[in-house]
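Undergrad: Each chain is listed here by its residues.
Protein chains: 2
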Amino acid sequence: MKKIINDPSMIVDEMLHGIVKSYPEILHQVEESRVVVKNKRNKQVGLVSGGGSGHEPAHAGFVGDGMLSAAVLGDVFTSPTPDQIEIAIKEANQGAGVLLIVKNYTGDILNFEMAKDMAELENIPVEMVIVDDDVAVENSTYTAGKRGVAGTVLVHKILGDAARTGLSLMNLKALGEKIVAEIKTIGVALSAATVPEVGKPGFVLSEDEIEFGVGIHGEPGYRLEKMQTSKEMAQELVSKILTQYSQKPSEVGVLVNGMGATPLMEQFIFMNDVLTVLAQQSITVTFHKVGNYMTSIDMAGVSLTLFNVTDSSWLTALNSEVNTISW
Amino acid sequence: MKKIINDPSMIVDEMLHGIVKSYPEILHQVEESRVVVKNKRNKQVGLVSGGGSGHEPAHAGFVGDGMLSAAVLGDVFTSPTPDQIEIAIKEANQGAGVLLIVKNYTGDILNFEMAKDMAELENIPVEMVIVDDDVAVENSTYTAGKRGVAGTVLVHKILGDAARTGLSLMNLKALGEKIVAEIKTIGVALSAATVPEVGKPGFVLSEDEIEFGVGIHGEPGYRLEKMQTSKEMAQELVSKILTQYSQKPSEVGVLVNGMGATPLMEQFIFMNDVLTVLAQQSITVTFHKVGNYMTSIDMAGVSLTLFNVTDSSWLTALNSEVNTISW
Chain A
144 MKKIINDPSM IVDEMLHGIV KSYPEILHQV EESRVVVKNK RNKQVGLVSG GGSGHEPAHA
204 GFVGDGMLSA AVLGDVFTSP TPDQIEIAIK EANQGAGVLL IVKNYTGDIL NFEMAKDMAE
264 LENIPVEMVI VDDDVAVENS TYTAGKRGVA GTVLVHKILG DAARTGLSLM NLKALGEKIV
324 AEIKTIGVAL SAATVPEVGK PGFVLSEDEI EFGVGIHGEP GYRLEKMQTS KEMAQELVSK
384 ILTQYSQKPS EVGVLVNGMG ATPLMEQFIF MNDVLTVLAQ QSITVTFHKV GNYMTSIDMA
444 GVSLTLFNVT DSSWLTALNS EVNTISW
Chain B
144 MKKIINDPSM IVDEMLHGIV KSYPEILHQV EESRVVVKNK RNKQVGLVSG GGSGHEPAHA
204 GFVGDGMLSA AVLGDVFTSP TPDQIEIAIK EANQGAGVLL IVKNYTGDIL NFEMAKDMAE
264 LENIPVEMVI VDDDVAVENS TYTAGKRGVA GTVLVHKILG DAARTGLSLM NLKALGEKIV
324 AEIKTIGVAL SAATVPEVGK PGFVLSEDEI EFGVGIHGEP GYRLEKMQTS KEMAQELVSK
384 ILTQYSQKPS EVGVLVNGMG ATPLMEQFIF MNDVLTVLAQ QSITVTFHKV GNYMTSIDMA
444 GVSLTLFNVT DSSWLTALNS EVNTISW
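Top to bottom, those sequences are chains A and B.
My numbering applies: residue 144 is where the first sequence begins, and numbers increase by one.
My numbering applies: residue 144 is where the second sequence begins, and numbers increase by one.
Some hints here could point you the wrong way.
Same chains, same label: a pair holds when it works inside one copy or across any pair of copies.
[To be verified] List of simulated lysine-lysine pairs, BS3-like, C-alpha gap at most 25 Å:
no.: 1; residue 1: Lys369; residue 2: Lys343
no.: 2; residue 1: Lys164; residue 2: Lys383
no.: 3; residue 1: Lys343; residue 2: Lys145
no.: 4; residue 1: Lys233; residue 2: Lys343
no.: 5; residue 1: Lys186; residue 2: Lys391
I should point out that these hints are in silico values taken from the structure, not numbers from a laboratory.
Remember, it's a predicted structure, so these values are computed and weren't measured experimentally.
Based on the sequences and whatever the hints tell you, model everything.
TA: Encoded structure:
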């Protein structure tokens, strides 16, 4: 393992220092915590997200005006603890309550639920939206049901805009659930991530193998395959995702997300092929995004997210101005 | 080699399609060319940059209002041809002339010079700024003098802002040369890039080796070392860069640039260590940026750019709003 780090046990704290020292005009760290909070405080419902580290820029990169109010960082691939999440809730609360946006992993759900209970005891209204956009598999290593992956970033963006315009806590929760139902993602891995404290890759793919449906912590996917072209991968992922909608969408947003070690060159080639397949299916694309948004440390691969745009106001929200490090 | 591509000879064109189809609100492709142009045409000096592909998001990702007017894409690690560059010059020209921002590689200089001559024959005033920020080595595989690397992106940004505010061609050229003299970069590689048409890494580093000073096309650096901590690498690169200024800067901007396969986690840890070293040297940092801006396909490693801020208007230019894919 070659990584630009110091002590593997210190990586999250050192990364956090790097983030807040580099972007002090956007966010700051709550002292002696692993919570980052946006500088600009408006009278709105607070939005809190977070989870294990290793998915950068998620989630700290999406803290800022128009997106998240605060993010909580756990150890690598490990949920943050309830006390840390509670700190984030208190920081994010400006009197209108707090919405938690949580990826569907058993550890995260438990800890965010517990923090919600703790904050409610202190009279902060808290609601939760669970993102489970990964339609590759049901029930996984750390999950009951479907996993939450790159589509979460779109949820941050749409809810972030809605919160800024003054939507109430209950309406935000309802909007979040409506959006989540329309967002579907699957990834394909060419190589596994190496957790620094472990020191070796989480799984091994041979020089001519890829795996469809791998999770962002290296959870098993649904099929090992011999290496394919970008066109074939695009065909496979689009087809598989489309089977998950009860009715074929007529208009979608597309997010091609790099897993950490995938050059932008490949991400754009893959996007080009995805758009060709969607055009063949007569599906209109009205929102596009390509880049590293929800990574798996140094995994090589991409994920494809389709977002069934059934309400055009969601596009307005996706395209609105934000002040974050990474959107 | 596992890459998400189709035919290796088609990667630049397919990537280009992916880029322009994904961000049609920002830029478009000049028909039957490898030139991308920003949509918004203002009466200003046009800024054109480009070079070999494989450094994404450079340079297409920096085309847009407030940065580049147009970018020309060559084959991977290969200069674009003069006729393609001339197309970009003609597109960028809005009557006030065109400034070329060229990284210092012999092939690029030759071809951009020739395109300049061709455009001048058609009465378009053209000037050139050569960026040679890589202070790792003098004279390299493809270069006489010093190479041009990640600091080029800062030149795009500052000149892009200045051009938008109406600076003349000759004043832009003078400003560009003034800035370039203050920008210095060195990289460190943990692994080499694989050019898709070649199919294997450009050089090999063993599991415990790194190389200081490697270029963005895999040109040899100045020292092979056993693997080091991020702190040690930060110390090495900062010290080496500081020796290149005749007087130690009191205020700098810092760009930590990922080479393509380096997780953001590592880039932020490295930035944290760079900031510690600079603080020990009593150097104030007034601009920070961390991410993949000038990559070398799938190379693992980072480059460090220091920018001696001798004029505070440069900071205003760096922080001004832009509408690009990747700044």
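Undergrad: Taking the hints in turn, state whether each one holds.
TA: Hints and how they fare:
1. Lys369 - Lys343: Both: 23 Å inside a chain and 19 Å across chains, each within 25 Å.
2. Lys164 - Lys383: Answer is between; shortest inter-copy Cα gap is 23 Å, intra-copy 42 Å.
3. Lys343 - Lys145: Intra 10 Å, inter 19 Å, cutoff 25 Å: intra and inter.
4. Lys233 - Lys343: For lysine 233 and lysine 343, neither the intra-copy (38 Å) nor the inter-copy (52 Å) Cα distance is at most 25 Å.
5. Lys186 - Lys391: neither (39 Å within a copy, 46 Å between copies)
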